[in-house]
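Enquirer: Sequence:
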Amino acid sequence: MYQLAPIAGHSFGRSGEVYVLDLHRLASGLASISSDQKLSLFNPARVGDGPVASVSTNHGNLRSLKPFDWTSSTVCTAGENGTVALWDLRQGPSRAQVAQFQAADAPIMALACDAGSNAIAVGTEFQNHQASIILWDVRASPTQRIQYNEVHSDDITELRFHPSQAPNILLSGSTDGLVNVYDTRIPDEDDVVVQTLNCGSVHHAAFLGASEVYTLSHDEKFAVYNLDEGYEKGTPVADFGDVREELRCQYVANVTTKTDGSGAIVGVGSQDQQDFQLVHLTRGPEANSWVFDKASTVGLPGGHGEEIVRAFCFYDDEHVVFTAGEDGNVKAWRPS
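Each step along the sequence shown adds one to the number in UniProt numbering, with nothing skipped, and position 206 is 206.
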């Protein structure tokens, strides 16, 4: 293990007043959303100076931030009133909003974007006896492509497009305990699910590569599945169970997958120890095996104090990690 030290930070307010909900790297800087309904952009080299731009969103209660095209610094936000907004953060605050449209009739809890196909997918809260997944084409004016109303029986908490087959292959997760994988080219909703994984109330899930998926439940159970034929459907190739004991943590904040399919970075924290760590998930020595490489764990001692870390991202070339937490802070960390 090696450790990082905090080198800069910005506070959105006193602890408990404002949560920083999410954080993403863009070409033009570091984008965050916070519980005061703000979308902010930071210069990653000068986080301590505060946001270089900040705009108020209009989602009722802001819930999601996803990069639409990180190279052009366009992002999507969504929230409680069922709207989605697109923002170009290279523009000034008065011109940053490119579009806003009514994407769902219920609060949006999950969001996925793919610039290559101009696709946005939203997943809703379970309301009026249904939770919906709706796909939009935003090539010109937003146009609804597909709507699924019967694939989940509770809140939809996760949506991810396949890394190389978007928007045709889509993954969803729900508090109903299921992760579904869809072929959106199939018109009949009864046939659109190509595989279902039963893994408990879903906190996060995503593709690790072309055929592998990780799942993380709200009770911190972690597993990896291979969707290829030849593997037993619904049976994980790596089942870690509750990772809190193995990783010596109290919660898993999030998981960032590597673009080359070699694994992921798992962010875990402990409020009691006031600690946050980045643990590498890597391929094991045997075929189709996965392990936590705890020897290469990166420690961020102090973390965000007794508050939960909500998000993290990193700039490998600059050896800088950024974290955001429920203490209202965005922090920058470097090797000590």
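Hints should not be assumed to be uniformly reliable.
Said to hold, decoys possible - Below, a list of computed lysine-lysine pairs in the DSSO-like style, where the Cα atoms sit at most 27 Å apart:
{"id": "1", "residue 1": "K258", "residue 2": "K233"}
{"id": "2", "residue 1": "K221", "residue 2": "K258"}
{"id": "3", "residue 1": "K294", "residue 2": "K258"}
What the hints contain is simulated information worked out from the structure, not anything from laboratory work. Source: prediction; values computed, not measured.
Enquirer: Evaluate each hint against the coordinates.
Expert: Here is what the structure says about each hint:
no.	hint	result
1	K258 with K233	holds, 24 Å
2	K221 with K258	holds, 20 Å
3	K294 with K258	holds, 17 Å
In summary, the structure agrees with every hint in the numbered list given earlier.
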